[in-house]
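**Student:** Here's the letter readout for the chains.
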Amino acid sequence: MLAIPALATAAVLVLAGCGSRAGDTAEADAGTAAAGSCIDTSGDTIKLGFLNSLTGGMAISEQTVSNVLHMAADEINADGGILGKQIEYIQEDGATDWPTFAEKTEKLLTQDCVAAIFGGWTSSSRKAVKPVVEENNGLFFYPVQYEGLESSPNIYYTGATTNQQIIPAMDYLAAQGVKTLFLAGSDYVFPRTANAIIKLYAAELGIEIVGEEYVPLDKDDWTTQVSKIVAADPDFVFNTINGSSNVGFIKAYYDAGLTPETTPIISVSIAEEEAPAMGHEVTGNYASWNYFQSLETPNNPGFIERWQAYPDSSGVTSDPMEAAYISLYLYKALAEAAGSFEVDDINAAAAEGGITVDAPEGVVTLDGENHHISKPGNIGRINADNQFDIVWSSDGFIEPDPYLEGYDWFPADVRDALVAAAG
Amino acid sequence: MDALISPLLNGTALGALLLLAALGLTLTFGQMGVINMAHGEFIMAGAFIAYLTQTVVASSNVSILLALPLAFIGAGLLGLLLEIGIIQWMYRRPLDTLLVTVGVALILQQVALQIFPAQGVPVEAPDWLSGQIDVFGYAWPLRQVFTIVLAALCLVSLAVWLKYSSFGRRIRATVQNRDLAETSGIRTRNIDRITFFVGSGLAGVAGVAASLIGGTNSQMGTQYIIPAFLVVVAGGVGQIKGTVLAAWALGIALSFFAEWTTGSMAQVLAFVLLVVFLQFRPQGLFTVRTRGLT
Amino acid sequence: MTRLKPWLPVIGIAVFAVLLLVVAPAVLSMHWLNNLGKYCCWAIAAVGIGLAWGRGGMLVLGQGVFFGLGAYAMAMHLTLESTAPGSLPVFMILYDPLASLPAFWEPFRSDAFTLAAIVLLPVIVAGVLGYALFKRRIKGAYFAILSQALAVALAVLISSTIRETGGDTGLSDFKYFFGFVLNDDANKVMVFMIAASLLILCLLAVWQLNRSRFGELLVATRDAEERVRFLGYDPANIKLVAYVVAALMASIAGALFVPIVGIITPAEIGASASILMIAGVALGGRASLFGPALGAMAIGWGQSSLGSSWPDGWVYILGLVFILVTLFLPMGLSSLFGKAKGLLWRSRGTPPDALDEPAPVLEPVGDGVTK
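Protein chains in written order, with the numbering used here: chain A, 2 to 424; chain B, 37 to 330; chain C, 1353 to 1723.
Hints listed in this document are in silico derivations from the structure and should not be mistaken for laboratory results. Given the structure is predicted, the values throughout are model-derived calculations rather than measurements. Positions of the beta carbon are idealized from the N, C-alpha and C atoms, including for glycine. Careful: at least some of the hints might be erroneous.
As the list claims (entries may be wrong) - A short list of chain A residues far from chain C (calculated; beta carbon distances all over 10 angstroms):
| hint | residue |
| --- | --- |
| 1 | W99 |
| 2 | S124 |
| 3 | G212 |
| 4 | T284 |
| 5 | R307 |
| 6 | W410 |
As the list claims (entries may be wrong) - Here are the simulated distance ranges between beta carbons:
| hint | chain 1 | residue 1 | chain 2 | residue 2 | range |
| --- | --- | --- | --- | --- | --- |
| 7 | B | W125 | C | S1439 | 53 to 61 angstroms |
| 8 | A | A385 | C | S1439 | 50 to 58 angstroms |
| 9 | C | N1589 | A | D234 | 53 to 61 angstroms |
| 10 | C | R1565 | B | S201 | 51 to 59 angstroms |
| 11 | B | G121 | C | G1531 | 50 to 58 angstroms |
| 12 | C | V1379 | A | T366 | 45 to 53 angstroms |
| 13 | A | G340 | C | V1379 | 37 to 45 angstroms |
| 14 | B | D163 | A | G178 | 31 to 39 angstroms |
| 15 | A | A385 | B | V98 | 17 to 25 angstroms |
| 16 | A | V364 | C | S1439 | 34 to 42 angstroms |
| 17 | A | P302 | C | V1379 | 50 to 58 angstroms |
| 18 | B | L216 | C | L1472 | 19 to 27 angstroms |
Isolated chain A, as found in the complex:
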């Protein structure tokens, strides 16, 4: 019965070893206790962490992001590295499991002592990473368009926030004279939040929402929901479906006899990577992004060429991978402006403003306050080669506004409550 004394000892240890409690004076210190950075800058390399799902359901999307990050790291290294140090990247697998994202973030920050982490795709993975980078005062660069209404001193967002993708899409629809809109999305935080914003803005624009349907992320069967679209007969369908569920939706849409002529779809998650899996059935529909492979900018041809020559290339370029590519260059720009790899120095450099990256989508500027970047709004129409013909572009770059402060139709109490909750 040795275990009993052992347990008793443990109980004593537990009680003796208590740390700070809520309301303690020590609490304020505890919040930053773990913040001591362990970034090693003594050698001639700098460690960065890449965190993408290489296995599990999201591997279908995130593998490309991981590959393009490798390409960007190779490019920067060939060009002399960051502050004269070669990038040594540590690739971790998030395994499509949000707690694994949290665990690997902690590992990268506290065990590997990386200077920054790049990756994530779903909003859920970002929300799993957020508390961990904040607690350890690390840096996380997130490359995918998302639902906005978030900001963190420890996260930089190189994908679009709502006012750079969804609001331009709504403006485009309004300009086309759309009167009725049907919302179809996957059942998780991005579509739910995006649709909440769409409904608010639609009311402002005088567009009627004639239906709203959600299907679990990993389900392909959309037949019943498409029947509802047929019955509702909307002018346009706003599609916030993510992943392979899109294929099932497009097939059901096509089979039901819906066409881009009668009931066009505008998507925010179908890009050059995803479109080929839907074949010709998606042709003629629209997508709202910031970057398209067909974009005519000075940097784009070189980017496409380098990517197509890269060994792990998927052959096409798309918005999320371009945003991931930007994220590494944004970090380079920040570290060089700060002259340091320390998180606080980098945030200080960001706050000073004027950080730009000459990206494939154009020269993007970092907003030092909300850590998002300016982006051009573009709407593309899918052609027979599963590429996008650009049908609309914003006047210049759109400044990021994650809390929609420039839009008075967005309820101020929601904004205030969210800002207060974010601290």
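Once you've looked at the hints, dock chains B and C against the given chain A.
**Tutor:** Quick look at chains B and C alone, frame taken from chain A:
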């Protein structure tokens, strides 16, 4: 009227797809007692074979018809390999077949992810399947009709094969009393292999149908496996008519629940309803009495 | 020596306790101690699975349900504790800032209610479910498939009630654990100690159960349910007890997972998570005392370390673990140890954990007396 017609027809088509997915299981699980969790990945194999056929025979009008027998054979061979390599050592441990095949499923998914483009591949529907027919004012997609016809064809062939062919007789004999069948000169090992081949092959056919409905990618099999097993259990194991009824009922239930609530809630309600149903009829809709020892 | 033999498991548990409670905190970094705490949670669930599956023959493929009940009870409490008084959890504001807190969240403000829920919820759910299933003599593959379907149903239910439960994103960003600041190494060690101690307690409990008359009846029910019935016992009740104990352990595991890992999502309780819990038990040895716990910890460790260095490889290894262990070592790695021990002690008769599974292939469900 439309609110009733469309879920009824959609549900019937969904039920047909579930039936195709479950039909192979009535053989491998129902007749042989093997819980093959890699059945979903055999469905995936069928879908990828449909894609590969299309890369060789460009015309989707022809290739889909060619893909059906090829997927049957391809998935069947995978099943045969599984039977010879692993399952044959496990007939005395039915529950353990579940664990073994979970491992097989994991490996097959990862292999598919590495061989094919991660985003999945397109399988084009043939022209003769694009379009709708009018049913009481509801434009019913031809592809749904195709799924139903395909399921019916597979069902009838399987039933006839089991009931009237000498193979079928031998399978039934082996299932009912292995020792007696062996004594009567039936090579039960061969029967096991053929049954497993056909059961897995049917998953391949289901895969071709699935490739016309959803995405063809490494994860596609996972969404079919649990509903397929539930259908077999609810129908009464080894009972084809029960499986048909259960698949249809589940398809209808899913469609009506999705019509009234949301796609997610439909899943929850249908699963819970099935579990409750099995409380009252644990042996499923129909029962078979075997000479298996308890 | 033979007088010592019955006490060997206790000595083993004591050594294990010292390793976990004294050695581990002394030598491991905070990151790995936290990971070890996570493995302890899976091990606690695995100990219960070992009892239900290894000893009781019930392949509990849906332990995620009970893991989830405990985890979400704890997570709701911690979320409320981390939310400023009078305001809503952040994810709820996102959809409707003016909504009030859903009624079922309200009682989880209370420490006592949360702890009671973690214990009572799984007992009630498993009790009702198990009673219905076992009285109807649902067993074997049917039981496995049904329990898995329930885990899927619960995971989808949580995913689809995003306003009330946080949906697919789950609940995270906990700041306090019953008043203790979670972002404080001393408190992290404390939470680890609680998890490790509960694992030791669960091992002791299962050891005691296995030695008892109930333990013998459970193994007897696994091996020959009809004979147990003919002897005048109701196998349903015997199985029910094992099932409820396993559910309780899964719930405790889930509750501790939340403060240690800092996030709970429906994916942690769905079909694949439930199967992963089984993997460790199969690897370690389902019917042995230590096998399930050690196996679960090994799988957890493999996921953290191999999954990092070689992600594709880890999936293949996990697949092969399922295949090879089931094929060649149906009683897990501990059966190797058992065989070696058998030679050593020259014990006569077969120990209960070395028995192969009984033979029936196709049983008519609910019709057990058809002969």
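**Student:** With reference to the structure, classify each hint as holding or not holding.
**Tutor:** Verification of the supplied hints:
Not every CB of chain C lies more than 10 angstroms from the CB of W99 (chain A), the least distance being 5 angstroms, so the non-interface label is violated. With 10 angstroms as the threshold on Cβ separation, the claim that S124 (chain A) sits away from chain C is violated: the shortest Cβ distance comes to roughly 7 angstroms. No Cβ of chain C approaches the Cβ of G212 (chain A) within 10 angstroms, the least distance being about 17 angstroms, so the stated non-interface status holds. In this structure T284 (chain A) is separated from chain C by more than 10 angstroms, as the shortest Cβ-Cβ distance comes to about 31 angstroms.
Every CB of chain C is more than 10 angstroms from the CB of R307 (chain A) (nearest about 25 angstroms), matching its label as outside the interface. With a least beta-carbon separation of about 15 angstroms from chain C, W410 (chain A) lies farther than 10 angstroms from that chain, consistent with its non-interface assignment. Taking the beta carbon of each, W125 (chain B) and S1439 (chain C) are about 60 angstroms apart, inside 53 to 61 angstroms as hinted. In this structure the hint that A385 (chain A) and S1439 (chain C) lie 50 to 58 angstroms apart at CB holds, the actual value being about 52 angstroms.
N1589 (chain C) and D234 (chain A) have their C-beta atoms about 59 angstroms apart, which keeps the hinted 53 to 61 angstroms range intact. For R1565 (chain C) paired with S201 (chain B), a C-beta distance near 54 angstroms keeps the hint of 51 to 59 angstroms intact. At roughly 56 angstroms, the beta-carbon separation of G121 (chain B) and G1531 (chain C) lies within the given 50 to 58 angstroms, and the hint holds. At about 49 angstroms, the CB distance of V1379 (chain C) to T366 (chain A) agrees with the hint of 45 to 53 angstroms.
Distance hint for G340 (chain A) and V1379 (chain C): a CB-CB separation of about 38 angstroms, consistent with the stated range 37 to 45 angstroms. The hint said 31 to 39 angstroms for the Cβ distance between D163 (chain B) and G178 (chain A), and at roughly 33 angstroms that hint holds. The beta-carbon spacing between A385 (chain A) and V98 (chain B), approximately 21 angstroms, falls within the hinted interval of 17 to 25 angstroms. Range check, V364 (chain A) to S1439 (chain C): Cβ separation about 40 angstroms, and the 34 to 42 angstroms hint holds.
Distance hint check: the CB atoms of P302 (chain A) and V1379 (chain C) are about 55 angstroms apart, consistent with the given range 50 to 58 angstroms. A hinted range of 19 to 27 angstroms for the beta carbons of L216 (chain B) and L1472 (chain C) is inconsistent with their spacing of about 52 angstroms.
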